[in-house]
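Protein chains: 2
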Amino acid sequence: MGKRMVVVGGVAGGASAAAKAKRENPELEVVVYEKSPHVSYGACGLPYVLSGEIPSLTKLIARTPEAFRKQGVLVHTRHEVVEIDPESRTLTVFDHGEGRTFQDRYDHLVLATGARPQIPPIPGTEQEGVYTLRTLEDGERLLQALEGAKRAAILGAGYIGLEVAEAFRKRGLEVTLLEAKDRPLPHWDEEVGGLLKEELERHGVEVWTGVKVEAFRGMGRVEAVETSEGVVPADLVLLATGIRPNTGLAQAMGVALGPTGAIATDERMRTNLEGVYAAGDVAESFHRVLKRPYWLPLGDVANKHGRTAGSVIAGKEARFGGVVGTAIFKAFGLAVATTGLPLERALKEGYRAKKVFIQSQDGAHYYPGSAPLWVELVYEEGTGRLLGGAVVAHGHGALRIDTLAALLHREGTLEDLLALDLAYAPPYSPVWDPLLIAAQQAR
Amino acid sequence: MGKRMVVVGGVAGGASAAAKAKRENPELEVVVYEKSPHVSYGACGLPYVLSGEIPSLTKLIARTPEAFRKQGVLVHTRHEVVEIDPESRTLTVFDHGEGRTFQDRYDHLVLATGARPQIPPIPGTEQEGVYTLRTLEDGERLLQALEGAKRAAILGAGYIGLEVAEAFRKRGLEVTLLEAKDRPLPHWDEEVGGLLKEELERHGVEVWTGVKVEAFRGMGRVEAVETSEGVVPADLVLLATGIRPNTGLAQAMGVALGPTGAIATDERMRTNLEGVYAAGDVAESFHRVLKRPYWLPLGDVANKHGRTAGSVIAGKEARFGGVVGTAIFKAFGLAVATTGLPLERALKEGYRAKKVFIQSQDGAHYYPGSAPLWVELVYEEGTGRLLGGAVVAHGHGALRIDTLAALLHREGTLEDLLALDLAYAPPYSPVWDPLLIAAQQAR
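So the protein lines, in turn, are chains C and Z. The numbering of the first sequence is the working numbering, which starts it at 10 and goes up by one. The numbering of the second sequence is the working numbering, which starts it at 10 and goes up by one.
Honestly, I wouldn't trust all of these hints.
Copies of the same chain look alike in the list, so a pair counts if it fits in one copy or across any two.
Here are the simulated DSBU-like pairs of lysine-lysine, each with C-alpha atoms no more than 35 Å apart in a straight line [stated by the list, open to error]:
id: 1; residue 1: K159; residue 2: K300
id: 2; residue 1: K363; residue 2: K325
id: 3; residue 1: K79; residue 2: K363
id: 4; residue 1: K179; residue 2: K159
id: 5; residue 1: K79; residue 2: K300
Think of the hints as simulated: they come from the structure by calculation, not from any bench.
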C-alpha cells in the first residue's frame, strides 16, 4: 500500500500539491480537506465576476472535487482540520456537513491553509454591508450585495482595492477609494501611484489619500464611513487593507514560522517538522534580491509552491526557485507591473539605490495607436546592479516586467540589460525598447 | 579644432552614430553622406504606409537634415561616396544634385551603407510593375503603383513579404504569396509556419508554397507570374526574396568582411582598418548562442551598432552586446516572435536539440477575451540549455520572447526558466505562464 498524503486546504497551493503528487506517484493515497465548499479555483478572477465580465463564479473553478476523484485524489469540502498531532501523525477533522468530528492519519502533510483578510480595528465593521473579498463565498456575498447598491467605499488601495474599484464602477456604483497612505499602491514608488490616481479619477473613482477611517456609521447596516477628511455615504464597504497568513493550525502543532510571520520552508517546501510541507499563501518564499525569506501571497507563487511540494512528496527532485517579487494587475486601462524593490524600500534596506522613471510608448512613434508606456528602474549606484522596476502600459506590453524579473533573478546589472537583444517591430515597440531607454538614462 | 568624423549612409546605423558621437563629444566635426534624398527614417514602418494605416511616408522620418544641422551634424543627402582611400583618409563624393565630384577627409569613418534587395535571376524582373521595398523611395514608387492595382504577387514569405501581404490586403488587392520553401517564414520551424499560413488564408491571401517562379510575363509591364504550379495574373509584383549587405565600397578600400559576407567588426564596431567603423545592416554582429559572427539586419540592431560606434568615436567606453537573433513581426492578427535557433538550425549546428511546441492563452482560462498563444522552446537534450524559441500571440503578449532572449544571453537552461518569478494576473497570463508550461513539458 502506498503512503498517505494529506493536504489541508485545497484552493491553489493545496490543489496543486495534491494533483502533482498523484500524477507523479499514483501509488500515493492523496486526501484533501478543505473547510469551504470549494476547491481549486482562481481567486484572482473574483473582481471580474463582480464586474460582470465573467458571468458566474463557477467559471473560476479549475477542477471540481469530482474531477479530482477521477484522478484518484479524494477531496472533502466543508471539512475543517482542527488539530494535528505531529508525533502520532494524526489529524482531527470537523465535518461541517455532518456536524461530526473524526480522526485521520498522514505520512506526508501539506499545510495550505492560505491567508485571511486583516480586519482593521475600526468600530462598526461587524455591520451588514461590510465585506472582504478573498474566497468564492466572499464573492457570492458581494455579488448579492451589489444588487441595489449605489455607493461603495473601499478601504485600501492595494491590488484588491484597485481591482474592485474598477469592478464596482463597471457595475455603475459610485466609488470612493480610501487610502491611509499618500497614494494608491503605496508599497511602490510615487510615480506609479500618480499614474494610478489619474487613471482612477479619469474613470470616476473618488480617490481619498492620506485619510484615516474612524468609524463605520449605521444601525446594524452600514450607511457611511466617517473619516478624518469627512463622511463618505456608502451602502457597501469593502475592507481591502491587507491579509495575514492562516498559521494557527501550524503554530499549534509546532511548525516554525519565519521572520515574515508565514511558515518557514526550504526550497523543497519542507517545514521544520519531518514529513510536513507548506504551500501557498500560508508559506514564505526566498527572495532572490533581498536574500532572505519574503511573503508573496500570489496565485502563481502558490501554484509553484504546491507543485514543488507535490513533486518532492512523490519522490521527484524539485526545488522552488524563489521569488523576486513580480506582480501585475489591471486598473481600468492600465496594466501595472512591478518586480524587485521600489526605491523607497531599497533605500530602507541600506542599498545605495537610485531610480529612473521614463515615459515611452508601446509601439514606434509613427505607428497608429501606439500608447504611452512607463518604465521605472531601481538600481545600485556604482555597480549598476538592478534592484527592481515597474512597467505601466495599456495591456500586455507591461509583461516587459518579466525581462527585468529574469535579470533580477541572477543579479543582473544595467549593462546586462543594455546588452539584451530585445524584440522590435513598429506595432510592438519603439526601435529602442522602453527598458533600454530607461537603462540608458540610468547609466 | 576637433577631429572629423565622416559617416557613409544616414538611415539607421549611420544616423545613430552621427547623433550619438556629436552629443557625447561636441568638439567633433560630424558629416553624413547619404546617397538617397532621406536620412534617419524607420524603414520598418514602410508596410504600414502602404496599408494606409500611416498617412504619409514623411511620418517615418525621425530626424530631418535640418534637425541634424541644428545639433551641429552636417548632413548631405543625394551625396554618394564612391571611393575611399584609407591611406590618406580621403573620400571621393559624387553630388547627385549638382552633378559634381569632390574630395573630403576623415579622422574617423563609419561605414553604414546598409543592404539591398537580392533580385532573383528570373526573366522579366526589369519590367514595370516589379518592385522591391527597402527605402523610402521604394515606398514612394509602390504607393503610386498601388493606385489602380488589383492583383499582386509577392515573392518570398519572409518578414517583408508577410508584412506587405497584409498591407496589400488592407488596400483591397488580391494577393498571392509565392514561397519556394514549404511554408511561410521558412527559416523557422514548421509549427509557426503553419499558424502563419492559416492566418494568411483566413485573411484572403493565396499562399503557394513549394513553388518555383519561372518568369514574369509581360510586354515591358508585368502581367503575370509563371510558376511551376501555374500562372498567377498580377499587375503588381513585390520581390521579397532576401537582402544582401552593401559591402562594395568597404571591400574596395580593404575593409575585411566576416564569414557572413557582411563587414567584420569587434564589439566596439571597429573594422580591421584603423579609424574605420561599421554599423547597421552592412555589419555583422556576434551571436551569443552560436558564438560566432552572424548577420542580423534589423532596425534595432542597426541603432545599437550606430550608438556604440558613435560613443567609441566620441571617446567613451561602449560595447555592443551582441545578438541572440530576436525578431518580432505582425501578420494580420498574429504577433510572431522568435529568438535563438529553430530546431532545424540547431540540429544542423550539431546540437543534440529537441523542441516542444505548446498552445496556451494570453490570459486566465476564465478571463473573457483571452486569446490563444503558442510557445516553442528549443533546448539541448541532457543539459536543458535553451537554444531558441518562438512565441506567437495576438498582440504584445508575444513580447514574452524577450524573457527567453534574456536567458539565451547567458546560456540559461530550462531549469533557469522554470525558476523565474513571472508576472501573473488573469487579464495578462494564465496562472502558469505559457513559457513555464512549455518548460515543464520539455523537462
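Of the numbered hints stated earlier in the document, which are not met by this structure?
The structure breaks hints 1 and 5; every other hint is satisfied.
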